[in-house]
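Enquirer: Could you build the full structure based on these sequences and the hints that come with them?
Protein chains: 2
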Amino acid sequence: MCAYALRPNREVVHPEWTSPVADKLDLVERVIESTIDSAVELACEISSHVFSAGGKRIRPALVVLSAGACGAQVDAPRVTGIAAAAELIHTASLLHDDVVDAANARRGVSTANAKWGNTLSVLGGDFLLSKAFSLLADADGPGVLTVLSAAAVSMAESEMLQAVCEGSIDSWRAGYWRIIHGKTASLMAACCECGAVLAAADESVRLAFRDYGTSFGVAFQITDDLLDIIGDPAQTGKDIGTDLVNGKFTLPVLLAYERGLALTPLVGSGRLSAEDARRVAVQVVECGAAEEARRVAEDYAGRARNALTEIADSDYKAALNALASSITARDL
Amino acid sequence: MCAYALRPNREVVHPEWTSPVADKLDLVERVIESTIDSAVELACEISSHVFSAGGKRIRPALVVLSAGACGAQVDAPRVTGIAAAAELIHTASLLHDDVVDAANARRGVSTANAKWGNTLSVLGGDFLLSKAFSLLADADGPGVLTVLSAAAVSMAESEMLQAVCEGSIDSWRAGYWRIIHGKTASLMAACCECGAVLAAADESVRLAFRDYGTSFGVAFQITDDLLDIIGDPAQTGKDIGTDLVNGKFTLPVLLAYERGLALTPLVGSGRLSAEDARRVAVQVVECGAAEEARRVAEDYAGRARNALTEIADSDYKAALNALASSITARDL
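Protein sequence lines, in the order shown, are assigned to chains A and B.
First residue of the first sequence? That's 1 in my numbering, and the numbers climb one at a time after it.
First residue of the second sequence? That's 1 in my numbering, and the numbers climb one at a time after it.
Hints are computed from structural coordinates only; laboratory data are not their basis.
Just so you know, not all the hints are guaranteed correct.
[Claimed, not checked] Cβ-Cβ distance ranges computed for the label pairs, FRET-style:
no. : chain 1 : residue 1 : chain 2 : residue 2 : range
1   : B       : 78        : A       : 286       : 47 to 53 Å
2   : A       : 19        : B       : 76        : 47 to 53 Å
3   : A       : 56        : B       : 291       : 20 to 26 Å
4   : A       : 78        : B       : 271       : 42 to 48 Å
5   : A       : 235       : B       : 233       : 54 to 60 Å
6   : A       : 232       : B       : 73        : 39 to 45 Å
[Claimed, not checked] Residues from chain B shown here face chain A by an in silico Cβ test under 10 Å; the list is partial:
no. : residue
7   : 89
8   : 152
9   : 188
10  : 260
11  : 325
Virtual Cβ for every residue (Gly too), placed ideally from N, Cα, C.
Expert: Structure, rendered in C-alpha cells:
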C-alpha cells in the first residue's frame, strides 16, 4: 500500500460555480485518493502524480450537479463514486494522450511519460481505466463486472511490476509468482468465477471455480514461459529466448539460476542478445531446470483438477479437467 | 461500419476438450465480431487483425464451461456476452504488451504495433478494453455503466481518428467535429446523463442533461483549441501552437484556412516547426479567425444553457448555467 495524498503541496481551490457542491467534490477527491491506492507502489505513484498535477475536476462536478439538479441526494456514496470514476476515465485518456503526443509537460508539470517512460504510462492508463470500471461495478453491487474489472486492475498492476523488474534477475526472483498470478491467472480465475456467478452458485462453489482458474492460469503461464525455452519457433511463432532478450527471467531460468547457471556475466544491459539468449536456453534444458519447471506446471494443473472435486460431474466439468491436463502438454 | 469477418482465411478449429461447448464458442466469436464493429474503420480493422491472428479462446471457454458445470444455461446471451468480454480484456492487454515489448510478431503474424505503430495499438487496446466493459454493462441492463463505457469507447475511437488525421489539413476539416465530440463531449455528456440516471429521472430529462453535456463539451474543447493559439503559456503550461507542432488543425486554424491563410507551404512533414506554429498563431488572430472560433464556442455554451430550460430551477442548475457561461472565458 502506498500513502500518497493528492496535491500534497497545493490548496484545493474550487471555482465559484462549484459552490453548491464544493464539499461533495472534496469527498470525490477522497474517493479518488483511496481508489488509486495499490499494492504496486508505482501504480499509485504514477496515478498520484497525474492527479496531483491539478485539473479542474469538471467531470465529477458535472455528475454531482446534474444529479442534484434532477433531485438526487448528492452526497450518496453512489453519486460520489460515479463522479470519481468519470475523472479516472478522463485521466486514463490523458496518460495515453501524452504518450501519443510525446508531450513533456501538462498544466506546467512533467508528464508521466517524461518521468517514467511510455511503457509505464500506457500501463498506468490501463490501471486507471480498469479502476474506473471497478468503481462503477461497486456502485451497482457485486456481480460479474466486479469480478472482471478487478482482474483487469490486477493485470495492469502486474504488467507494471513486470516492466519495473525488467532486466533484473533479483527482481524477477522476488516478483515472479506475483507477476504471473496478476498478468495471467487473475483473468482466468475471474472467467471461472463468472461462470459460477452466472449460475447463481453458492460462495463455496464460486471459490472452487476461482481456485481452479488460478491454478490453471499459473500452469498455463509456466508452460508459456517454458515454451520460450524449448518451444518450436515454427509452432509458437517466436524465437527461442525472446523473454530473455526482453529482460524477463521466468521460472525455468530462475530454477537454472538457483542451480548455479552463470547468468550474471551475460546480463550487462539487463537484456540478453539473441545469441546469448539461445545459449542460455540450451543450458536451462541441460541442467534439468526446464524439466523441473514442467513438473511445477503439472503440479498446478493437478491442483486445478483437485479444486473441482466437490463439484457434481458433468460433461462441462470433464472438459475443464481435460483442459487442465492438456495445458502443460501444449506446443503453442 | 466496417465489414471485416474474423479469420477470413482460417477454419476455426476448437481443441477436443471444448466439444461440449464448441457451438457456444462459435456464438462467442459472432459476439466478438459484432462488438468490434466501429464507425471508425481503423478501430475495427486493428481489432479484426488481432482476433484473426488466432488465439485459443481459452478465457471464453472457461466462462462457458464453468457456467455449464454450475448448471447455468450456457447458450444464454448473458453467458456468451460475458465470455466475449473476457476475451476482449485479454486481447486489449496483448495489444499493449506488444507495444511494451516492441514485439514484431505474435502467433507468427505481424503485431498491430509493427503494422500500425505504437499510438494506434495503445488506442486500439483502449477501444477493446472499453468495449469489454460496454458488453458487461449490456449484460446487466442499462445504467450508468452503459453510459460511461459507451463514452470510453467513443473516446478511444476519436483518439484513433485524430491520430490518423495527424498532419493532414483536409482530414481535420472533414473530421474535426467528430473528433471533438468523441474525445471530449462524449464523456461530459455521459457525466451529465449519469446524474439524471442516478436520480432515476425521465427519458426527456436524461436527454436534456445529455444535450447540455454535449454542447458544453464542444464549447470546452473549442476553447481549449483556442487557448493553443491565444493562451498565456504561463497559465496553460504549454507553448503557443503545440497543437500545430503535433499536426493537429483545430477550429481557429481551420477557420483561418478557409479565410485564405496559406498553411499548405508550411506543412511539409505534416507537422509545423515551433517557429512556424507561433507565426501561424499570430496570423490566426490577425485574420479574425480566433475571434470567430470564440463566437462559435459561446454559441455552444448558449445551447448548453438552453438544453436545461425545461428543468426546474435549483442551485445546481444555476451552477451548471454559470459553468457554461464561464467556460469560454477561462484562461487555462
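Enquirer: If a hint holds in the structure, say so; if it does not, say that too.
Expert: Evaluated hints:
1. Under the hint 47 to 53 Å, the C-beta atoms of residue 78(B) and residue 286(A), about 51 Å apart, fit the expected range.
2. About 49 Å separates the C-beta atoms of residue 19(A) and residue 76(B), a value consistent with the hinted range of 47 to 53 Å.
3. Between residue 56(A) and residue 291(B), the C-beta spacing of about 24 Å keeps the proposed range 20 to 26 Å intact.
4. The given range of 42 to 48 Å is respected by residue 78(A) and residue 271(B), whose C-beta atoms sit roughly 45 Å from each other.
5. For residue 235(A) paired with residue 233(B), a C-beta distance near 56 Å keeps the hint of 54 to 60 Å intact.
6. The given range of 39 to 45 Å is respected by residue 232(A) and residue 73(B), whose C-beta atoms sit roughly 40 Å from each other.
7. For residue 89(B), the shortest C-beta to C-beta distance to chain A is roughly 5 Å, which falls under 10 Å, so the interface hint holds.
8. Because the beta carbon of residue 152(B) sits about 5 Å from the nearest beta carbon in chain A, less than 10 Å, this interface hint is met.
9. About 6 Å separates the beta-carbon of residue 188(B) from the nearest beta-carbon of chain A, less than 10 Å, and the hint is met.
10. Given the 10 Å rule on beta carbons, the hint for residue 260(B) is violated: about 29 Å separates it from the nearest Cβ of chain A.
11. With a least beta-carbon distance of about 8 Å to chain A, the hint placing residue 325(B) at the interface is held under the 10 Å criterion.
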